[in-house]
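J.: With these hints in hand, go ahead and build the complete structure from the sequences.
One line per chain: the protein sequences are A and B, in this order.
Position in the first sequence counted from 1, then plus 2, gives you this note's numbering.
Position in the second sequence counted from 1, then plus 557, gives you this note's numbering.
It is possible that part of the hints are untrue.
[Stated by the list, open to error] Okay, derived cross-link-like pairs now, DMTMM-like style, lysine to aspartate or glutamate, Cα gap no bigger than 25 Å in a straight line:
{"no.": "1", "chain 1": "A", "residue 1": "Lys107", "chain 2": "B", "residue 2": "Glu639"}
{"no.": "2", "chain 1": "B", "residue 1": "Lys660", "chain 2": "A", "residue 2": "Glu17"}
{"no.": "3", "chain 1": "B", "residue 1": "Lys660", "chain 2": "A", "residue 2": "Asp61"}
{"no.": "4", "chain 1": "A", "residue 1": "Lys70", "chain 2": "A", "residue 2": "Glu17"}
{"no.": "5", "chain 1": "B", "residue 1": "Lys558", "chain 2": "A", "residue 2": "Asp51"}
{"no.": "6", "chain 1": "B", "residue 1": "Lys614", "chain 2": "A", "residue 2": "Asp29"}
{"no.": "7", "chain 1": "B", "residue 1": "Lys558", "chain 2": "B", "residue 2": "Asp656"}
{"no.": "8", "chain 1": "B", "residue 1": "Lys614", "chain 2": "A", "residue 2": "Glu4"}
{"no.": "9", "chain 1": "A", "residue 1": "Lys70", "chain 2": "B", "residue 2": "Glu639"}
{"no.": "10", "chain 1": "A", "residue 1": "Lys39", "chain 2": "A", "residue 2": "Glu58"}
{"no.": "11", "chain 1": "A", "residue 1": "Lys107", "chain 2": "A", "residue 2": "Glu58"}
{"no.": "12", "chain 1": "A", "residue 1": "Lys59", "chain 2": "A", "residue 2": "Glu85"}
{"no.": "13", "chain 1": "A", "residue 1": "Lys39", "chain 2": "B", "residue 2": "Glu639"}
{"no.": "14", "chain 1": "B", "residue 1": "Lys660", "chain 2": "A", "residue 2": "Glu58"}
{"no.": "15", "chain 1": "A", "residue 1": "Lys44", "chain 2": "B", "residue 2": "Glu659"}
{"no.": "16", "chain 1": "A", "residue 1": "Lys59", "chain 2": "A", "residue 2": "Asp29"}
{"no.": "17", "chain 1": "A", "residue 1": "Lys73", "chain 2": "B", "residue 2": "Glu659"}
{"no.": "18", "chain 1": "A", "residue 1": "Lys59", "chain 2": "B", "residue 2": "Asp656"}
{"no.": "19", "chain 1": "A", "residue 1": "Lys59", "chain 2": "A", "residue 2": "Glu81"}
{"no.": "20", "chain 1": "A", "residue 1": "Lys70", "chain 2": "A", "residue 2": "Glu85"}
{"no.": "21", "chain 1": "A", "residue 1": "Lys60", "chain 2": "B", "residue 2": "Glu639"}
{"no.": "22", "chain 1": "A", "residue 1": "Lys60", "chain 2": "B", "residue 2": "Asp656"}
{"no.": "23", "chain 1": "A", "residue 1": "Lys73", "chain 2": "A", "residue 2": "Glu17"}
Keep in mind that the hints were calculated from the coordinates and are not lab data.
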Amino acid sequence: GENVEQHPSTLSVQEGDSAVIKCTYSDSASNYFPWYKQELGKGPQLIIDIRSNVGEKKDQRIAVTLNKTAKHFSLHITETQPEDSAVYFCAARAPGGYSTLTFGKGTMLLVSP
Amino acid sequence: KAGVTQTPRYLIKTRGQQVTLSCSPISGHRSVSWYQQTPGQGLQFLFEYFSETQRNKGNFPGRFSGRQFSNSRSEMNVSTLELGDSALYLCASSLGRGDLNEKLFFGSGTQLSVL
Chain A
3 GENVEQHPST LSVQEGDSAV IKCTYSDSAS NYFPWYKQEL GKGPQLIIDI
53 RSNVGEKKDQ RIAVTLNKTA KHFSLHITET QPEDSAVYFC AARAPGGYST
103 LTFGKGTMLL VSP
Chain B
558 KAGVTQTPRY LIKTRGQQVT LSCSPISGHR SVSWYQQTPG QGLQFLFEYF
608 SETQRNKGNF PGRFSGRQFS NSRSEMNVST LELGDSALYL CASSLGRGDL
658 NEKLFFGSGT QLSVL
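T.: Okay, structure coming up:
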């Protein structure tokens, strides 16, 4: 089955800096890659996603890039703010799995004022 | 539009007991998935229900079961609880149409503690 590796496990940045979280996946047939943000005491919230036929997608301060050849995708957050502090999860969906997602282990992002 | 609703929010049980968790999906969503979240293993897929039928299943023992009702609400049951079952159980809903970029929306979860 699909396996998703996520790095780093923790990331500390100063407010205003950029943050990058990277994920690799094992199943070359995977075709959908969402990112989730989970704040303390809450469920994961979808923040951005990308399909396998797209190389990059942006939404204000966040962007995701996908390299299908290398089987990796990354989340980029620019101009970080303290409210960006949370755990971020990447995920991948392989064909035939209906809506099932395989998740990375998560990255705890800490943004210091 | 209301989000995914999970009840109860917290549960404390003892080993050997059984527990039932409930999930109400977003209105119009016909697929409900369940995930177990633990600090060591992250989010792991349990099973998915669509139109009252289980159509996908993860690698969990038979003690974990679920069902879906005609209104798309779902329940998850864990029998003969073990200490290792302590986790946050997350429910997620989606339209269930199998589109390439079908989005999954999560509830806030039920925190289960087994003593």
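J.: Look at each hint and say if it fits the structure.
T.: Cross-check of the supplied hints:
Restraint check: the Cα-Cα separation between Lys107/A and Glu639/B comes to about 23 Å, which is no more than 25 Å; the hinted pair holds. Proximity of Lys660/B to Glu17/A is assessed by CA-CA distance (about 30 Å); at most 25 Å being required, the pair is judged violated. Taking the CA atoms of Lys660/B and Asp61/A, the gap is about 16 Å. The hint holds against a cut of 25 Å. A C-alpha spacing of about 31 Å is found between Lys70/A and Glu17/A, which places the hinted pair above 25 Å, so the restraint is violated.
Pair hint Lys558/B plus Asp51/A holds up; C-alpha atoms about 21 Å apart against a cutoff of 25 Å. Restraint check for Lys614/B and Asp29/A: satisfied, since their Cα atoms lie roughly 18 Å apart, inside the 25 Å limit. Among the hinted pairs, Lys558/B with Asp656/B is consistent with the structure: their alpha-carbon atoms are about 21 Å apart, no more than 25 Å. Taken as a hint, the Lys614/B and Glu4/A pair is honoured in the structure, with Cα atoms around 14 Å apart against an allowance of 25 Å.
With a C-alpha separation of about 41 Å, the suggested pairing of Lys70/A with Glu639/B is violated against the 25 Å cut-off. At most 25 Å may separate the alpha-carbon atoms for a hinted pair to count; Lys39/A and Glu58/A meet this at roughly 19 Å. A hinted pair counts as satisfied when its Cα atoms are at most 25 Å apart, and Lys107/A with Glu58/A qualifies at roughly 23 Å. Between Lys59/A and Glu85/A the CA atoms are separated by roughly 22 Å; this keeps the pair inside 25 Å, and the hint holds.
With a C-alpha separation of about 29 Å, the suggested pair Lys39/A and Glu639/B falls outside the 25 Å cut-off, and the hint is violated. Straight-line distance between C-alpha atoms of Lys660/B and Glu58/A comes to about 18 Å, which keeps the hinted pair within the 25 Å bound. For a cut-off of 25 Å, the pair hint linking Lys44/A to Glu659/B stands: about 22 Å separates their Cα positions. Only pairs whose Cα atoms come within 25 Å are accepted, and Lys59/A paired with Asp29/A is accepted, the gap being roughly 21 Å.
A C-alpha spacing of about 20 Å is found between Lys73/A and Glu659/B, which places the hinted pair at or below 25 Å, so the restraint holds. Proximity of Lys59/A to Asp656/B is assessed by CA-CA distance (about 19 Å); at most 25 Å being required, the pair is judged to hold. Of the supplied pair hints, the one linking Lys59/A and Glu81/A holds, its CA atoms being roughly 17 Å apart against a limit of 25 Å. In summary, the hint linking Lys70/A to Glu85/A is not supported, as the alpha carbons are separated by about 31 Å, beyond the 25 Å threshold.
Note on Lys60/A and Glu639/B: the hinted pairing is violated, with a Cα-Cα distance of about 44 Å set against a maximum of 25 Å. Between Lys60/A and Asp656/B, the direct Cα distance comes to roughly 21 Å. Compliance with the 25 Å bound is thereby established for this hinted pair. At roughly 30 Å between alpha-carbon atoms, Lys73/A and Glu17/A are farther apart than 25 Å, so this suggested pair is violated.
Checked against the numbered hints listed earlier, the structure breaks hints 2, 4, 9, 13, 20, 21 and 23; every other hint is satisfied.
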